[in-house]
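Participant: Read top to bottom, the protein sequences are chains A and B.
Under our numbering, read the first sequence as residues 1 to 225, first letter to last.
Under our numbering, read the second sequence as residues 1 to 322, first letter to last.
A hint or two may mislead.
Claimed, not checked - Restraint-style ranges between C-beta atoms, simulated for each label pair:
hint	chain 1	residue 1	chain 2	residue 2	range
1	A	123	B	68	56 to 62 Å
2	B	294	A	116	54 to 60 Å
3	A	99	B	253	37 to 43 Å
4	A	224	B	291	55 to 61 Å
Source of the hints: derived by calculation from the structure; they are not laboratory data.
A virtual CB, placed ideally from N, CA and C, is assigned to each residue, including glycine.
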Amino acid sequence: MTPIYRTMGDRSLLVELGEEISPTTNALVQDLMQRLESAAIPGIRELVPAYRSLLVTYNPLVISSAALQSRITAVAGDTRRLSAPASKLVTVPVVYGVAGGPDLESVAAHLRIDAEEIIRLHTRTIYRVYMIGFMPGFPYMGELPAALAMQRRRTPRTRVAKGSVGIAQRQTGIYPVDSPGGWQIIGWTPIELFDPHRRPPSLLEMGDTVKFEAVRPEEVKTWRP
Amino acid sequence: MAAIDTFEVLHPGILTTVQDLGRPGFARYGVAPSGALDAFSLRVANLLVGNPEDAAALETAVMGLRLKALRDAVVAVTGADLKPMRGRELLPMWRSHRIRAGEVIAFPGPAGGMRSYIAVSGGIDVTPVLGSRSTNLPSGFGGVAGRALRKGDILRRVVVEDEFRFAGRVFEPAWVPAYPSRWRLRVVWGPQDDQFTEEGRQAFVTGIFRVSPDSDRTGIRLRGPAVSHRPGLSESIISEGVIAGAIQVPGDGQPIILLAETTTGGYRKIATVISADLPLLGRIMPGNEVAFSVVTLDEAVQALRESEEKIGEFKKRLAALS
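Full structure from sequences and hints, please.
Facilitator: Quick look at the structure:
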C-alpha cells in the first residue's frame, strides 16, 4: 500500500498507514517498521510506532524529506516475506476488584453486567499492544470486547496507582507508575512494566500480545507465568 | 574514570537539573528524549571547558541557584543571563574560568531569558540511564536520582588531566544569542495544518501569542487568538508519535509547543518549529510574546546548516588553540 506522508518539522515524517484503530492497521505499522529497520537507510534516527502511523525522525543534513519519502515508499512496496516479527505473548496476572480495582463495581453497574462477567470477558480476549506512549512503558491494547466499552471517567483521578489495569472505550491499558489518569480501573497487577535499568526498558512493545489471568490477592506473591 | 566532588548545592534555585543532549532512541518504549532545552548553549558551555559537546551539565531556570566549589575546576556559564556572580563579582558568561575551592557561584537573576547552563571540566558525573545523564523529571530517572537538585546535594565530576589549560576560552561574541521579549519562531506547516480553517491558519501566522506561566519542560503554553480547527472534526486525533517543537492545538484553539518530555500525542499539530530554532524554545520566558513565521523545508534545512556551522567553526578555532 502507498503510505500517506505528513511533514512534522524539518526532521521527522509521519507515515500514515490507515484511518482507524485496528489490529490490521497496526500490523501494517509493525511491518513497515521492521522493513525500515532492515533497510537501514542512512540518516534515519528513530522509528516511533503508533496505532496507525510510524513517525520517522531523521537528520535533514544527511537525507532530504523527498529522498526519504521515496525510500520509504520503495520499502513499503516491497512485498517479500519477512521473518516473523519477534513479538511475544505475555500473561499478566490481575487481582480484579477490591482495593486495586476501585471502578469494577461502578463499571458493572453502568454496563448492567455483573463483575464476574466483566472479569470473564476481560481475561478471555488476547490483546494486541498497539503502541507504548503517554508515559514510559504504558501499553495501549485492544480490542476490548464491545460489551465492555465504556467512556473514561468524567473527572480523571489525580493519582492512579502503579500496576492499575484500566479500560477505556475499546482499549485496555496498565499504568507502569503512579500517575494521573482517567481510565476506569478494574484491577491491579504486580508486574513491573517499566524499568529504566533494563534493556529494553519496557516489558511490552508494539506488536506484542497480552493475556490477563485473574488471580486472588493471596496468590500474587507466588504467581509464576 | 575517577570522579571527585566538585560542587555543593547551597540553594537549588527554582529548578536545576542535570542535562546532556538527551536520551534519543527509546521513544518506542514511551521514553522521552529529555535533555537540555537550549542545546546550543549547552554545547557551547561544554566546548568552553574542554568537554565533548554532549557532556552533562546543569540547566537552571530563572533565579536562585547557589553552588559552592569544593575543589578548583574550570567552569563556563552560557544561556540566559541570570547575573551569575563569583563571590561579589559578576562572572562573565560565554567564557571559561578557573573557579577556586571555596568560592560560591550564585545566579540571583532574574533577567531576560529562561535557562542558563553551567558546564564544568570533565562533565557532571552521574550514572547514565538508557545512554544519557539527562534528568527525566516526569518519570523520575536519570540525573541526580531522577529529580531536581536539592540543597545539600554534592555534585561530582570526572577528573580530567591538565584541565586548567581550558580556562580563558571565549565564545565568539557575535554568536551569543539575543534574548528579546518578543520571539519570532520559524516553523514549517504540518503535520495536520490541513485540518484547520483558513482563519485559524491566518490567526496562527499573524497573531501575537503570550507565553502562559503554566509552561514547563513539557510544553510552552500560549494564549492568543483562537487557532480554529475545521468544523465537524473530533476534538482529538488518534495518538501518534511527536517531537519537540511540534505545535499542538487542543479544542480551545490555544497552541502548545511540545518540548522534550513527550513521545506521543492526540491533538492536531498545525506546524512544527524548525530544528535551527529549537534552542530558542529553552530561552522563552512566561510573559514573553511569540509570533510564528512559516518557512519552506529547504529554508529550514539551510538555517540548520548555518547554525551548525557556527558550532563547527568554534570547534575549529578551539582545536587551533590546543
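Participant: It remains to establish, for every hint, whether it holds in the given structure.
Facilitator: Verification of the supplied hints:
no. : hint                        : verdict
1   : A:123 <-> B:68: 56 to 62 Å  : 58 Å, holds
2   : B:294 <-> A:116: 54 to 60 Å : 57 Å, holds
3   : A:99 <-> B:253: 37 to 43 Å  : 41 Å, holds
4   : A:224 <-> B:291: 55 to 61 Å : 60 Å, holds
Checked against the numbered hints given earlier, this structure breaks none of them.
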